[in-house]
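> Using the sequences plus the hints, can you model the full thing?
Chain by chain, the residues:
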Amino acid sequence: MNDLTAEIILSRIKKRERNHAVMVFDSIDSTNTQAMTLATGSAASGTVVIADTQTGGRGRFGRAWASPPGVNLYLSLILRPEIAPRFAGIFSLLGAVAVVNAIRRVSGVEAFIKWPNDVLIGGRKLAGVLLESNIAGARINHLVLGIGLNLNIPAADMPVEIRETATSLLEVCGCVTDRAEMAAALIDEIDSMVVLLESISPAAVLDEWRRHSITLDREVGVTGRFGHICAKAVDVDETGGLILRLRDGTVLTVTSGEVTLR
Amino acid sequence: MENKDIKELLKLLQGTDVSEIEVERDGTKVRIKRGFAQPAEIMVAAAAQPAFAPQPVATAQPVTAAAQAAEVAPMLDESARYVKITSPIVGSFYRSPTPEAPPFVDVGSEVRKGQVICIIEAMKLMNEIEADADGRIVKVLVQNGQSVEYGQPLFLVDPR
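Here the protein sequences come in this chain order: A and B.
Here the first sequence stands for residues 1 to 262, numbered as in our numbering.
Here the second sequence stands for residues 1001 to 1160, numbered as in our numbering.
It is worth saying that the hints were derived from the structure and are not from the lab.
Just so it is clear, CB atoms sit at the ideal spot from N, CA and C, and this is done for glycine as well.
Treat the hints loosely; a few may be bogus.
To be verified - Each computed SDA-like pair below joins lysine to any residue, with the alpha-carbon atoms no more than 25 Å apart:
(1) B:K1139 / A:N134
(2) B:K1113 / A:D26
(3) A:K125 / B:Q1146
(4) B:K1139 / A:D178
(5) B:K1113 / A:A138
(6) B:K1139 / A:A138
(7) B:K1113 / A:K232
(8) B:K1113 / A:R139
(9) B:K1139 / A:S42
(10) B:K1139 / A:I83
(11) A:K232 / A:L216
(12) B:K1113 / A:L216
(13) B:K1113 / A:K114
(14) A:K125 / B:T1098
(15) B:K1113 / A:E82
(16) A:K114 / B:Q1146
(17) B:K1139 / A:K232
(18) B:K1113 / A:R86
(19) B:K1113 / A:T165
(20) B:K1113 / A:G41
(21) A:K114 / A:T165
(22) B:K1139 / A:A136
(23) B:K1113 / A:R225
(24) A:K114 / B:T1098
(25) B:K1113 / A:T33
(26) B:K1113 / A:K125
(27) B:K1113 / A:N141
(28) B:K1113 / A:E258
Said to hold, decoys possible - To spell it out: a stretch of chain A is covered by chain B in this simulated footprint if at least three of its residues, at any positions, have a beta carbon under 8 Å from a beta carbon of chain B; those stretches are:
(29) 135-148
(30) 160-174
As structure tokens, then:
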């Protein structure tokens, strides 16, 4: 995997909003697990963990994330944000915006976001964002923003169970994407959004999210512990929660649940 | 809308992921926001100009229902013996990192300050929550998967 080295990635970061230590592994259990372990130690904000393949690639609640070698990007970035924990959820939306911006920059393809952070093209999932943080009292000790992005994997090589619901940039535009260039673009775009959040405002990040959302102003289904709600997705609130309006006019905000677009 | 209706609404919200709800009935609009910045508040206001609208039963006085405990620092229980560990965010409470994994802590577990004791999920961000006191877990106050509010007590700890 000569295409994916720390040196090449660092040479392609353009904006340089902050310093980055980039670690590239041939094989690792999970870039997020590794980044969380490093962050619990003394790893600096901006440290990036990338792997050619993950043996235990995962989403939330330990769900598997298919991570074959040589084709996709598995990247986790450590942040130590100086914001109140109640705003931490915004990073979920921020991560998705960064992915959409990086894809547009590298491939010229427009992807869309389903609340809070699924990146879709043509209704199929192109990228997943996994966020984990560690909170002590009123402070976020660290936050890891993990991205799994399907780049050069043909649909035929995807696990059968996701073949109907997932896609890759190769399938979308028929072109092979340089993984190092995409990694550098992701790092750049995450940095830009973090700068927007910290020096402008969380609201500015939410505005960016609204621009790329395919969730708002439409009927959605939301399934969670409250059951299943059919409602119109109206907006997101100041913390990234999804504001829904039911048929009878009741307005409510959810912070969890699976959204289906209708 | 009467007081009992508001109580019903509050009951309806308990244990759900819903953090804000607005209901309009008989010309009166009620908005309940389970918050973080301040205790859960209920604003009751008459909707625009219906002359015959019933008087709001409660004025815009916040009702501190479930969230009087909106402080992040460890607090002493009434008995002054146990410390409450409270939630720093609004979200869903999980006792283990995956559904199959054993809980981070259980009743009787000795915990140290800085030890991860639960996860609270919001916007698909999995937040590890650290104990902010040393001691022994006396009670787990929230069910796995339940919604929690900012400042809601999660664990009772017998401090060392």
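> A separate judgement is required for each hint: does it hold in the structure or not?
Status of the hints after comparison with the structure:
no., hint, result
1, B:K1139 / A:N134, "holds (22 Å)"
2, B:K1113 / A:D26, "violated (36 Å)"
3, A:K125 / B:Q1146, "violated (28 Å)"
4, B:K1139 / A:D178, "violated (53 Å)"
5, B:K1113 / A:A138, "holds (14 Å)"
6, B:K1139 / A:A138, "holds (22 Å)"
7, B:K1113 / A:K232, "violated (43 Å)"
8, B:K1113 / A:R139, "holds (14 Å)"
9, B:K1139 / A:S42, "violated (33 Å)"
10, B:K1139 / A:I83, "violated (30 Å)"
11, A:K232 / A:L216, "holds (8 Å)"
12, B:K1113 / A:L216, "violated (41 Å)"
13, B:K1113 / A:K114, "violated (37 Å)"
14, A:K125 / B:T1098, "holds (23 Å)"
15, B:K1113 / A:E82, "holds (21 Å)"
16, A:K114 / B:Q1146, "holds (24 Å)"
17, B:K1139 / A:K232, "violated (40 Å)"
18, B:K1113 / A:R86, "holds (21 Å)"
19, B:K1113 / A:T165, "violated (43 Å)"
20, B:K1113 / A:G41, "holds (16 Å)"
21, A:K114 / A:T165, "holds (14 Å)"
22, B:K1139 / A:A136, "holds (20 Å)"
23, B:K1113 / A:R225, "violated (31 Å)"
24, A:K114 / B:T1098, "holds (24 Å)"
25, B:K1113 / A:T33, "holds (22 Å)"
26, B:K1113 / A:K125, "violated (40 Å)"
27, B:K1113 / A:N141, "holds (14 Å)"
28, B:K1113 / A:E258, "violated (34 Å)"
29, 135-148, "holds (count 6)"
30, 160-174, "violated (count 0)"
Checked against the numbered hints above, the structure violates hints 2, 3, 4, 7, 9, 10, 12, 13, 17, 19, 23, 26, 28 and 30; every other hint is satisfied.
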